[in-house]
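Peer 1: So you can see what is in the structure, the chains are spelled out below.
There are 2 protein chains.
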Amino acid sequence: MKKAVVLLSGGLDSATTAAIAKSEGFDLYAVSFDYGQRHSRELESAKAIAQSLGAVDHLVISFDMTKIGGSALTDNIDVPVDRNLAEIGQGIPVTYVPARNTIFLAFAVSYAETIGAEDIFIGISEVDYSGYPDCRREFVDAFEKAANLGTKAGTEGGIRFRIHTPLVKLSKAQTIKKGLELGVDFSLTWSCYLGGQKPCGKCDSCKLRLAGFAQIGMKDPLEYAD
Amino acid sequence: MKKAVVLLSGGLDSATTAAIAKSEGFDLYAVSFDYGQRHSRELESAKAIAQSLGAVDHLVISFDMTKIGGSALTDNIDVPVDRNLAEIGQGIPVTYVPARNTIFLAFAVSYAETIGAEDIFIGISEVDYSGYPDCRREFVDAFEKAANLGTKAGTEGGIRFRIHTPLVKLSKAQTIKKGLELGVDFSLTWSCYLGGQKPCGKCDSCKLRLAGFAQIGMKDPLEYAD
Chain A
0 MKKAVVLLSG
10 GLDSATTAAI
20 AKSEGFDLYA
30 VSFDYGQRHS
40 RELESAKAIA
50 QSLGAVDHLV
60 ISFDMTKIGG
70 SALTDNIDVP
80 VDRNLAEIGQ
90 GIPVTYVPAR
100 NTIFLAFAVS
110 YAETIGAEDI
120 FIGISEVDYS
130 GYPDCRREFV
140 DAFEKAANLG
150 TKAGTEGGIR
160 FRIHTPLVKL
170 SKAQTIKKGL
180 ELGVDFSLTW
190 SCYLGGQKPC
200 GKCDSCKLRL
210 AGFAQIGMKD
220 PLEYAD
Chain B
0 MKKAVVLLSG
10 GLDSATTAAI
20 AKSEGFDLYA
30 VSFDYGQRHS
40 RELESAKAIA
50 QSLGAVDHLV
60 ISFDMTKIGG
70 SALTDNIDVP
80 VDRNLAEIGQ
90 GIPVTYVPAR
100 NTIFLAFAVS
110 YAETIGAEDI
120 FIGISEVDYS
130 GYPDCRREFV
140 DAFEKAANLG
150 TKAGTEGGIR
160 FRIHTPLVKL
170 SKAQTIKKGL
180 ELGVDFSLTW
190 SCYLGGQKPC
200 GKCDSCKLRL
210 AGFAQIGMKD
220 PLEYAD
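Chains as they are written, first to last, in numbering that gives the first Met the number 0: chain A, 0 to 225; chain B, 0 to 225.
Among the clues, some could well be false.
Since copy identity is lost for identical chains, a pair holds within one copy or between any two.
[Claimed, not checked] Here are the simulated PhoX-like cross-link-like pairs (lysine-lysine), alpha carbons at most 20 Å apart as the crow flies:
1. Lys2 to Lys66
2. Lys46 to Lys66
3. Lys2 to Lys46
4. Lys201 to Lys218
5. Lys218 to Lys177
6. Lys197 to Lys46
7. Lys144 to Lys218
8. Lys21 to Lys46
9. Lys176 to Lys21
10. Lys144 to Lys46
11. Lys218 to Lys176
12. Lys21 to Lys2
Hint data in this document are derived by calculation from the structure and do not stem from the laboratory.
Generate the whole structure from the sequences, applying the supplied hints.
Peer 2: Here it is, written out as structure tokens:
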């Protein structure tokens, strides 16, 4: 079995991405980040998803991005709520975390190199997303090149790291459909930016998720706050 | 004054690099990493260097790379000693830490974006070094491109991140000379891979440092273990 490192945030995109990697015959090595985000609810989800998909290992790397700040997820800035889908699609919102996916992918490459994996999966999408620049394939292509130049495995080890982005051209609805086909249990996932008992249903992430389920006429298995 | 983020390991290369950035008129924002390396002696040096150069801020980011391992600096692998300079120049040694500079630079970009800095300084060199692939300009060029594509500042903010590598073509002796010209106090720096009371004088890092001082006929201000 080939090994794949899969970035697992606990959301539905990364859960579907992990299921895709598994369906392609990879052994899953999940990695999640406890980076000072507003809540750790999503890490519990990541753990449950890793377990449900039979991941060989699940690494959680901790660091404190609140020391850097600059985002509604890591600083004293309010998370926007009640925006409609048209608003969400415009510009880069305050929930953008400076260089977050660059940091996440850097750790993923380090992990992949150490365990001898060539394949890294990340569940980014350029459709129905929040405009984050580090969710674009163009960025991933450039990062992949840097990763191969900056590692022992990529230079003298004869390995070529490949960063897979199977959702990059899928809408949220298409991702959900794909996940359901692969048997992903979306009741285990968590997308809400806030860390309540139930997802808020009002932040951009909840809005995109709910719209995705609505579009395919399915009910989100999560129960939302009133 | 323009702001520069400077990666400060506590060694003589990064101290000289910080002094160069200062001499070019930048306000210094230093960043160091407590990543699970064998000792924290170098972080004390980084702190002293930042202070001596009048850094505006000194950020220390902590994460545990021993969870990933794969290096003599982060895993249960012996640091090589008593190798001669010819041996040191051959291949990538076990002190290589998988994707370390990729991770460090990713945090530096995040920090730069948040404080509105366009300039990042890193004291890598392709001469008299340990063969680490992430110390080559070719890698930095690729990473710089990724950083600009993967950030808000680099895409819609009208900023272009520049990663400066002023030592990349300098030998260790030339770096030391440059540092002395700029008044760097090398007694504050620490290069040894081990964390004793005094530097060992036997690991690759000590060997390269000692050879550099010898080449310009200077005495290293640090006192070495017998």
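Peer 1: Next, verify each hint and record whether it holds.
Peer 2: We went through each hint and held it up to the structure:
| no. | hint | in the structure |
| --- | --- | --- |
| 1 | Lys2 to Lys66 | between (34 Å within a copy, 18 Å between copies) |
| 2 | Lys46 to Lys66 | between (25 Å within a copy, 17 Å between copies) |
| 3 | Lys2 to Lys46 | within (19 Å within a copy, 40 Å between copies) |
| 4 | Lys201 to Lys218 | within (16 Å within a copy, 65 Å between copies) |
| 5 | Lys218 to Lys177 | within (15 Å within a copy, 66 Å between copies) |
| 6 | Lys197 to Lys46 | within (18 Å within a copy, 44 Å between copies) |
| 7 | Lys144 to Lys218 | neither (40 Å within a copy, 41 Å between copies) |
| 8 | Lys21 to Lys46 | within (16 Å within a copy, 46 Å between copies) |
| 9 | Lys176 to Lys21 | within (17 Å within a copy, 55 Å between copies) |
| 10 | Lys144 to Lys46 | neither (30 Å within a copy, 33 Å between copies) |
| 11 | Lys218 to Lys176 | within (12 Å within a copy, 68 Å between copies) |
| 12 | Lys21 to Lys2 | within (10 Å within a copy, 45 Å between copies) |
Comparing the model with each earlier hint shows violations of hints 7 and 10; every other hint is respected.
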